[in-house]
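Could you slot chain P onto chain D? The hints should help.
Okay, here's what each chain looks like letter by letter:
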Amino acid sequence: MNVKALTLFISLILLCPLIYLVYNVIGLNSENFFYLWNSLLIDYSLNTIYLVFLTSLFSLFLGIIPAWFVSTSNFKGKNFFDVILFLPLAIPSYIIAFTYSDILSYTGPMQSFVRNNIPQLSPYVNQDYLQIEILAFLMALVLYPYLYTACRISFSLIGSNYINISKNLGMSQFKTFFKIIIPISRVSIFSGLFLIIMEVLNEYGAVKYFGINTFTSGIFRSWNSMGDVDTAKILAVCLLILVSLFFILERYTSSKYKYNYKPNDNISGSYNLGKSLRFLINLICLIPFLIGFLIPLIYIVNNVLKTINLIDLNELLEISFNSFFLAFVSSSIIIIIAVLFQFLKKISSTRTVFFFSEIVSLTYALPGAVIALSLIMVLSFLSTNLLNLVGSSIVFGSIIVLVYAYVMRYMAVGISPLRSSFEKHPESYDQTGKNLGMSNLSLFKKVHLPINKTAVLIAFILCFVDIIKELPITLILRPFNFDTLAVRTYEYAIEEMIAKSSIYSLVIILFGSVLLIFLRKIINKSVNVS
Amino acid sequence: MKKLLPILTLLFLSCSSNDSEQIVNMYSQRHYDVDQKQYDNFEDKTGIKVNVIKANADELIQRIKNEGENSPADLFITVDVGKLWQAADMGLLQEYGDKSLTDGIPESLIDKNGFWIPVTYRSRVLVYSNERVEKSELSTYEDLANPKWKGRLLVRSSSNSYNQALMSSLVANLGEDATQEWTKSVVSNFARDPKGNDRDQVKAIAAGQGDVAIVNSYYIGLLLSSENEEEVNAGNAISVFFPNQGEGERGSHINVSGVALAKNSPNKSNALKLIEYLTSDEAQEIYVNNTFEYSVKPNIEPNDIVKEWGAFRKDPLDLNMLGVRRNDAIRIFDAGGWK
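For the record, the sequence lines run as chains D and P. Each residue of the first sequence is one higher than the one before, counting from 0 in numbering that gives the first Met the number 0. Each residue of the second sequence is one higher than the one before, counting from 0 in numbering that gives the first Met the number 0.
Honestly, the hints are just simulated from the structure, not real lab data. Incorrect hints may appear among the rest.
Straight-line Cα separation of at most 20 Å, EDC-like style, residue types lysine to aspartate or glutamate; simulated pairs [claimed, not checked]:
(1) 48/P with 482/D
(2) 44/P with 281/P
(3) 305/D with 228/P
(4) 98/P with 317/P
(5) 344/D with 249/D
(6) 306/P with 280/P
(7) 48/P with 249/D
(8) 36/P with 311/D
(9) 36/P with 284/P
(10) 183/P with 141/P
(11) 183/P with 494/D
(12) 305/D with 226/P
(13) 147/P with 192/P
(14) 44/P with 275/P
(15) 149/P with 127/D
(16) 111/P with 317/P
(17) 36/P with 317/D
(18) 48/P with 317/D
(19) 313/P with 141/P
(20) 306/P with 275/P
(21) 305/D with 317/P
(22) 147/P with 136/P
(23) 36/P with 314/D
(24) 64/P with 229/D
(25) 267/P with 20/P
(26) 305/D with 32/P
(27) 36/P with 494/D
(28) 267/P with 68/P
(29) 36/P with 482/D
(30) 345/D with 426/D
(31) 3/D with 314/D
(32) 267/P with 97/P
(33) 149/P with 130/P
(34) 344/D with 429/D
(35) 345/D with 429/D
(36) 36/P with 317/P
(37) 48/P with 275/P
(38) 44/P with 280/P
Chain D with its partners taken away, still in its complex shape (with noise of 0.2 Å):
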C-alpha cells in the first residue's frame, strides 16, 4: 500500500472543511473585517494573550510539581494523589466557570455564611469575582491534567540514570528538576501546553460570561452580532494561521530536541524527603483536586439533592447513552487513525507524510462552532454541486456528522499522547525489526502496538472525556429531539437555572472521573509509571 497517498486521503478527509473554508476566504472583500481591526482586535488579542499566558502560568504550577514529587517520591497518599490529580479534567471548563461564578456571587453560600455568621468579614469577601485573572486560574484547574499527565509519563520513562548522575554530580533535587527533567521533559510539556493553549483559544462560553473579549469574542460578534458571516470566517482563518505558526515553532524546537530514552528502572524513591518538605507537597498535590475537583463536586451533588425530585430518570439514561455512544464511537475512529498516522510515519520518512500526520491537529484551535459552520458549508456545498444529494437533511441532522465533526475535532487530543509516546521509542527498533525480516504489518502488530499500548488507552481516555463536554458542535450539528449531557448542563446553565443543570453535570463527572482513575490504573501497569 502506499503509505503516501493512504495518508494524504485520509487527512484530506479530515481537513476537507478547514480548506474548503480557507479557499471560501481567499477573495472575499469585508469591509467589517478592517472596522473589526481598527476599533477592536488589538484589545482583543491582547486579552487572549493575557489569558493565554495565565491559564499556562498557572496550568504549569499545578501540573508539572505534583507530577514531579509523584514521580520520585515516596510519600504517604502518594497513591491516592496519582489517581485524583487527574480528575479536575472530567470537568468542563464552563460548569467550572458557571459554579464558581455562583460559589462566590453574593448570594452563593460563601459571602451567604461570612454575611450571616462573621458579617465584619463580609466587606472583604464582597468583592466583584467575575476577573480575567479568576477565569485563567479557573481554567487552569481543569486544563492543568493535560500537563500532569504528559509529565508523569515522561517523568517515569526517563528513568533513574538521569538522577543518579545528577547526585553523583552533586546537583540538589531543585537544580535537577530544572536543569535536568525540564529540559528532557521538553516535548512533553509542549505537547500537554499546546492541549491548553487551544482550549483556551476556542473556549467562549466562560469567557462570555465572565466579560473578557478575546480573538474567538471577535469570531462570534461578527457572526452573532454583526450577521456577517464572512469576516467570522475570515478571522477564524487568522486564528487558524496563528495556531499553525504556534505549532510549527513548537514542532520545530521538540524536532531540534528529541531523547530516545529506554524504560529502565524505577524512578519512585529517588529523593527522601524530610517532615516539612512532606507536609508541604501533601498541600501542593491536595489543593489542585480540592479547588478543582471536590469543591465543584459538593456543590453539584448539593445541587442535584435539591432537585432531586424534578429527575426523569429514563430521560436521563438516554440522554446519557447519547453522550456515551458518540464519545465511544469517534473516540475509537480517532484512535485509529492517530495511531495509523503515528505508525506511518515510523514507516515512512517522507515529508508529506510527516506532515499531513501532524496538521490534522490544527482544527482543535479553532472554536467548535467555525468547525461546525465550516462543516456545514462543506457539505451543503458538496450536497448542492457534486453529489446532489437528495435529503441532505439526513446528512445534515445525523449522528454521522457530528461524530465526523468530533473526530476531526479531537484529533490532537488523540494524536499527542500517541506522538511522545511513538517518539520516545528510540529508531533502533524498527531496524532490529527490519533486520529481523519483519514486515510493516507485524513490525506494527508486535511491536509498535505493543509497546504504545498505554499511550493508545490514554489517548483513547482523553478523547472521550473531551467529547462527552463537548458543546458547540453538538448544539449545530445535531438530529432533531437529540441532547446530550452536556447541551442540557449547558442550556440550563445559561438560563441561570444552575441547580437543574447540576444533575446533567454530575453524570458527566461521574463518567469522566471513572474512566480516569481507570485511565491512572492502566498507566500504573503496563509502564510500570511508579
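Then chain P, alone, in the frame of chain D:
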C-alpha cells in the same frame, strides 16, 4: 464494530422523517422547560409530533441557509425579533399568509411584512436599589447618561442580544449621533466592566457594587421565585422601574419572542397549526406563569409577581427596526467602549 452497525443504522434512519407520521420541525432559540411542555401539549391535542433542534439563533440561521431547499425546518422561533427580521431579510422565511393567526394580538406587536408572529414579549427595564435610589430619581433610558449615575450603572456585555435590541431601538428613536453621545456617557457611568448575565446585575446591586441595572423583566420574576433564599432576598433588595412612561415619552423598550415559517417548510399546514396553538389563550397562560414573560394577548394577565410591577406603556416602534438597526447599534457599542 459489527455490533455497533445496527445501532448506527438505526440512529441514522431515525433522523429521517417517516411519511406516515404527522410532524412539525422546529428550529428553536428558546430553551426553556416550558417549551417542551407546550409541544407535548400540542401533540396530545393534534397528534402532531414536534421535533426540535435548539441552538443559538445565528447558528440556526446558518443551518437553514445551508440546508437550502432540502431544509427540514418548518418553524424558526427566537427570543429576539431582530433575528427573525434577519432571517426574513436573508430570504429564509415565507409569509404566513393566514391573517386570522394574529387575531386578538395588538397591531403594534404584529410584523408589518407578514413574516413572523409574536408569541410572547418582554421588556428591558431598569431595576434599582431600594436602599440607595429614590424612584423619583429615575425617568428614561436617556437619563442614564446623566452624570449623577457615575459609577452606579450595571449592565451585561454588548454581545448580548437583548442589549443589542435595546440599542437598536435607541438608534431608531433618537438617531445615530444622539445615541452615540448617549452611549459614551452611559459607559462612563458604569460601575464596572460589563459582565455576567442579567441576574448577576441584580445581585451586584444587592452586593452594593452598583445602584441601577438594565435587565429583562422576567429575570426578576425568576429571582423572586427562586428556591435559594438569598436570591429571593437579592430580588427584594431592588424594585422594577419601567422607563420612558412620562407624558409624551415613547414607552419602555420591548422585544418579542416570535415564530416564523421557514421558506421551504415541508410540513406547512402542521406548522401553521402549531403557531395557532402557541398563540392560543391556553398556551399563553402557560407561558406567562412559567417564564414570567408577557402574553401577546391583552386578555391574558401576567403572572402575579409580574403584575405587582404594574402596567406599562410599550414603545410603539416597528419591531423590525430592532433588526434593521442592529449593525449601527453594534458600531455604536464599539465606538463608545461598551465591552
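Here's how the hints hold up against the structure:
1. 48/P with 482/D: 17 Å, holds
2. 44/P with 281/P: 12 Å, holds
3. 305/D with 228/P: 13 Å, holds
4. 98/P with 317/P: Distance ~18 Å between residue 98/P and residue 317/P Cα, so the pair holds.
5. 344/D with 249/D: Status holds; Cα separation ~18 Å.
6. 306/P with 280/P: 18 Å, holds
7. 48/P with 249/D: 52 Å, violated
8. 36/P with 311/D: Holds. Residue 36/P to residue 311/D sits at ~14 Å (cutoff 20 Å).
9. 36/P with 284/P: 12 Å, holds
10. 183/P with 141/P: Status holds; Cα separation ~12 Å.
11. 183/P with 494/D: The hint is violated at about 30 Å.
12. 305/D with 226/P: 9 Å, holds
13. 147/P with 192/P: Within the cut-off at roughly 18 Å; holds.
14. 44/P with 275/P: Within the cut-off at roughly 12 Å; holds.
15. 149/P with 127/D: With a Cα-Cα distance of about 18 Å, the restraint between residue 149/P and residue 127/D holds, given a limit of 20 Å.
16. 111/P with 317/P: 8 Å, holds
17. 36/P with 317/D: 19 Å, holds
18. 48/P with 317/D: 19 Å, holds
19. 313/P with 141/P: 16 Å, holds
20. 306/P with 275/P: With a Cα-Cα distance of about 26 Å, the restraint between residue 306/P and residue 275/P is violated, given a limit of 20 Å.
21. 305/D with 317/P: 44 Å, violated
22. 147/P with 136/P: 10 Å, holds
23. 36/P with 314/D: 15 Å, holds
24. 64/P with 229/D: Roughly 14 Å between the alpha carbons, so the hint for residue 64/P and residue 229/D holds.
25. 267/P with 20/P: 14 Å, holds
26. 305/D with 32/P: 18 Å, holds
27. 36/P with 494/D: 17 Å, holds
28. 267/P with 68/P: 14 Å, holds
29. 36/P with 482/D: With a Cα-Cα distance of about 16 Å, the restraint between residue 36/P and residue 482/D holds, given a limit of 20 Å.
30. 345/D with 426/D: 8 Å, holds
31. 3/D with 314/D: The hint is violated at about 47 Å.
32. 267/P with 97/P: With Cα atoms ~12 Å apart, residue 267/P and residue 97/P stay inside 20 Å; holds.
33. 149/P with 130/P: 17 Å, holds
34. 344/D with 429/D: 12 Å, holds
35. 345/D with 429/D: 8 Å, holds
36. 36/P with 317/P: Judged against 20 Å, a Cα distance of about 31 Å means the pair is violated.
37. 48/P with 275/P: Distance ~15 Å between residue 48/P and residue 275/P Cα, so the pair holds.
38. 44/P with 280/P: The given pair, whose Cα atoms are some 14 Å apart, holds under the 20 Å limit.
In summary, the structure is inconsistent with hints 7, 11, 20, 21, 31, 36 from the numbered list given earlier, while agreeing with the others.
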